[in-house]
Structures are given as C-alpha cells and as structure tokens.
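Peer 1: Given next are the chains, with one letter for each unit.
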Amino acid sequence: MEVDKGKGEAEETRKVAEADRDTVTLKSSDGKLFEVSKEAAARLSTVLAGMIAGGSIDDNGTDLKQIGSEALENVVDYCNKHANSIPSAALISSSISFNTAPFKEPEEWERKFVDRLSHDALFDLVEAANFLGMERLLDVTCHKISEMMKGKSPDQIREVFNIKNDYTKEELEEIRQELAWAFYDD
Amino acid sequence: MMNIGAPSAPVVSPAPSWRNFLNFGNPFRIFVSLALKFTSAFISGPSKTGEITQGNKGRANCYESASSSMATASPTSAEATAAVNNEGLNLPTDALVDILLRLSPIYRRLVRLVCRHWRDVIDERTPQIQPPKVLAFFSSSKSASAYVVDDLAGGKCRKVWGVSADPDTKTSVDVTMVGTCNGLLCLCDNKKPGGTVAVFNPVTREKLRIPKLPVSYRGGYSYGTRDTYTFG
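Keeping their order, the protein sequence lines are chains A and B. For what it's worth, UniProt numbering labels the leading residue of the first sequence as 1, then goes sequentially. For what it's worth, UniProt numbering labels the leading residue of the second sequence as 1, then goes sequentially.
Just so you know, these hints were derived from the structure itself, not from any lab. It cannot be assumed that every hint is accurate.
Covered by chain B, according to a simulated footprint, are these stretches of chain A (three or more residues, beta-carbon under 8 Å) [stated by the list, open to error]: (1) 105 to 113; (2) 141 to 150.
Negatives, chain B to chain A, calculated, CB over 10 Å [unchecked claim]: (3) N90; (4) D94; (5) A95; (6) D98; (7) R102; (8) R109; (9) H117; (10) R119; (11) W161; (12) V173; (13) G183; (14) D189; (15) N190; (16) V199; (17) R205.
We put the beta carbon where it would ideally sit given N, CA and C, even for glycine.
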C-alpha cells in the first residue's frame, strides 16, 4: 500500500516539476554551471527544496558561493545517481525507518560513490552536503570518514586528516593518563 | 570517636589527597572498593573542567576557540593553529559530531587525543560513559559508613550510607560490605549468626533484605569464621 502511495506521490511531484522546468541550474563558487533534476534536488536537499519552493532559483544559475566546482559536481552526480538507482518508494520507506535507525547503512552504489573520492574531495563534499542540508549524502560521507578512522591511532588520524596536534606535551600526558584508567592499562 | 592513629590509616593511601579523606573515622577495618570499570574516571578534575568551559565560549568556529586558548599558552603554538585553519581538516562541527557518534564510546575517548577541537566536541556533543567513582567503606564496632568520592583530586566526598551504635545502650555494630554493583551496596550485618544480607540503594534510600540463604551454620562453633558472600 505504502509503496504504491509513495510512487504516486513522487509522480505527482514530478508532474509539478515538469509543469515548470524539470531541471535547476546551480553555479559553483568558481562560476561553473551544473544542471540537476529539480525533483531530485528538492527531494535530497532541504535547502534546494526551500529555494525551489520559494522561487529563489535563478534560471541562469543559482549561485552557491560556498561550494567549489569539484564538490558541486559530486553533489549533482550524487543527485542524478540517486534519482536513477533508487526507486522513490524505497527512499520513502527508508525515511520512515529513519527514526528507529539513526544511521542507515549506505547502499552499495553509495559506497562506491564515496570510495572513489580523494580525501579532499570527500571533505569538501561533506561541507557541501552540510550546507545544502542533504541528510542522506551527509550520512553516506560521514559513514565513509568514520570507516576511515577505525583502528587508527590518534597519530595516524592526525596524519590522514591533516590535523595539527595543538596540545601541549603536558596536556597530552594528562589525557593519556586518563586513558590508562579507561583501558585498564598501566 | 576513638583515634586509633597511624597503624590503621595507611591501609590504602594511593595519593596524598586520600590521606585526609581516610583519616576521618577510626577504621578498625577499612574496605576500600575501587569501582573502576573501564573509563576515565575522575579524570575530569578541576583543571580540565576549566578548559572545557573555555572552549564553550566560541563554539561557532571551534578552531578559533582552540587558537585563543593556544595563544595564551605560547606564541609558537598559535602559529600552529593558524596552519590548522588553512590546510587542516575543516569539517562543519555538526558533521564531525555525526562522524564521532558512529565510533564506539571507548574509541571516542581515545580520539580525544587528536586535537583540542575534537576533545571539546567529544566532551560537549557526544554522550559520555558516566565516570565511575571511588567508594570507601568504613566499619568499626561503633559505626559503619560508606562514602563516595566525587572528586578524587579535590578530596570531595559524601556519605551515602551509615549506621552508628546507640551510645546509651551497649550495642555494637558489625556490618561489612559484601560488594557494590551499579551504585547499589550489598551489606551484611554479622550480628546474627550467618549474617543478615541486604541490598541498599543510596539514592532512593531503599533497602531490600535478601531472604535467608540456605547456608550451613553449626551453632556456636563457628565463632571466628565468617560466611563469605559476594555481590556483583
């Protein structure tokens, strides 16, 4: 029942989108233009949904000054892949179960999508997803980063993520001592 | 209260601040139960709490809050933080929280070592395991009491349970602590043969008597021996 209802709703949204224009043009911080399906953009990004609903979409390219072209390309790529690979019914049922399972495992294609990204591209994509309110993409990228961290020592994490150690020696020692308690370590 | 003096006090004296703590009461027997499970315990002493509050001020950009506290520490480290801003990982804090929440609580404690920003985010935005506290149990023929040490470094503690003998009558107290688990105390009153065992909840002040256990007891011949119970 719900599946059919979901399809129906999605089709309705699509019809509404087609009534106007079915893509939106987004402009990156460095001026590159990207086309993305209006339906997918509205479905996957709360910010773009708000802009589309509020009519603040510019046909000549909506300025997204916070997002570089590489990240925006990935965002658009993700939206398109999402529109193609996941039937809208599956998405709706996943959003229903969202409350019970706060972190949903990424789909196989989503895994592949983030696996091919360089570290920098991945982090830029997290920022873009965060900025655009793309919950699902944020979920997938954060999942990937947490996977990258697993089993790594704090030193290795700093190295991989290019984080400067801003602790003093004394502070580091203090925290280590706390951890000695935590891990029953001498 | 009698003062027994030196011999009994040093039974447990892991840190200087403990001595004061252990000196009240006159422990004929001191049972100190260290409720240490895996966690950082008392770690969050007064000094560190201060730093956390400092980090609290500027949460919009946590690198900024880190650098402001660094600046007071030393000029060279201020440069180091500037470098973080330029080339380092600069995730939105919400996304960092999202990532950190996916890690196990123990591993999350470990990655507090990465940098100040991560430590602050972990301390403020992710749930923590309640740090275990030290429980000290004193008992003598006149009184028995249990104390919880809230702040080991500062020596702050509070009494969570206690009985004392009525000074008018010549009753004596003979209570031992069997064990402690999840904040409950299991106490044994040895006055009756075989002992009366009860579980006590210091928070609700509820007491639950454990039904008499089918232990063997051989009349008056068991003097000097004690039934052994464990609780955990």
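Peer 1: The structure should be examined with respect to each hint, and the outcome stated for every one.
Peer 2: Hints versus structure:
Residues of the segment 105 to 113 of chain A lying with their CB closer than 8 Å to a CB of chain B number 0, which falls below the three-residue condition for coverage. Under the rule that three or more residues need a Cβ within less than 8 Å of chain B, the assignment of the segment 141 to 150 of chain A holds, with 7 such residues. Non-interface status of N90 of chain B relative to chain A is broken: a Cβ of that chain comes within 10 Å, the nearest being about 7 Å off. Its closest Cβ contact with chain A, about 6 Å, brings D94 of chain B to no more than 10 Å, contrary to its assignment away from the interface.
At the 10 Å boundary, the C-beta of A95 of chain B falls inside the reach of chain A, the nearest C-beta of that chain being 5 Å off. A cut-off of 10 Å between C-beta atoms contradicts the statement that D98 of chain B is not in contact with chain A; the least separation is 4 Å. Residue-level check failed: R102 of chain B sits 4 Å from the nearest beta carbon of chain A, not beyond 10 Å. A beta-carbon of chain A is positioned within 10 Å of the beta-carbon of R109 of chain B; the least distance is around 6 Å.
For H117 of chain B, the requirement that its beta carbon stay farther than 10 Å from each beta carbon of chain A is not met, with the minimum near 8 Å. Look at R119 of chain B: its CB is around 7 Å from the nearest CB on chain A, not clear of 10 Å, so calling it non-interface is violated. W161 of chain B, annotated as away from the interface, keeps every beta carbon of chain A farther than 10 Å; the closest lies near 25 Å. Taking the minimum C-beta to C-beta distance to chain A, about 34 Å, the non-interface status of V173 of chain B holds against the 10 Å cut.
With a least CB separation of 19 Å from chain A, G183 of chain B remains clear of the 10 Å interface cut-off, as annotated. No beta-carbon of chain A comes within 10 Å of the beta-carbon of D189 of chain B; the shortest separation is about 33 Å. The beta carbon of N190 of chain B sits about 33 Å from the closest Cβ of chain A, which is more than 10 Å, so the claim that it is off the interface holds. Every CB of chain A is more than 10 Å from the CB of V199 of chain B (nearest about 27 Å), matching its label as outside the interface.
Distance check on R205 of chain B: its Cβ is at least 30 Å (rounded) from any Cβ of chain A, clearing the 10 Å threshold; non-interface status holds.
Checked against the numbered hints above, the structure violates hints 1, 3, 4, 5, 6, 7, 8, 9 and 10; every other hint is satisfied.
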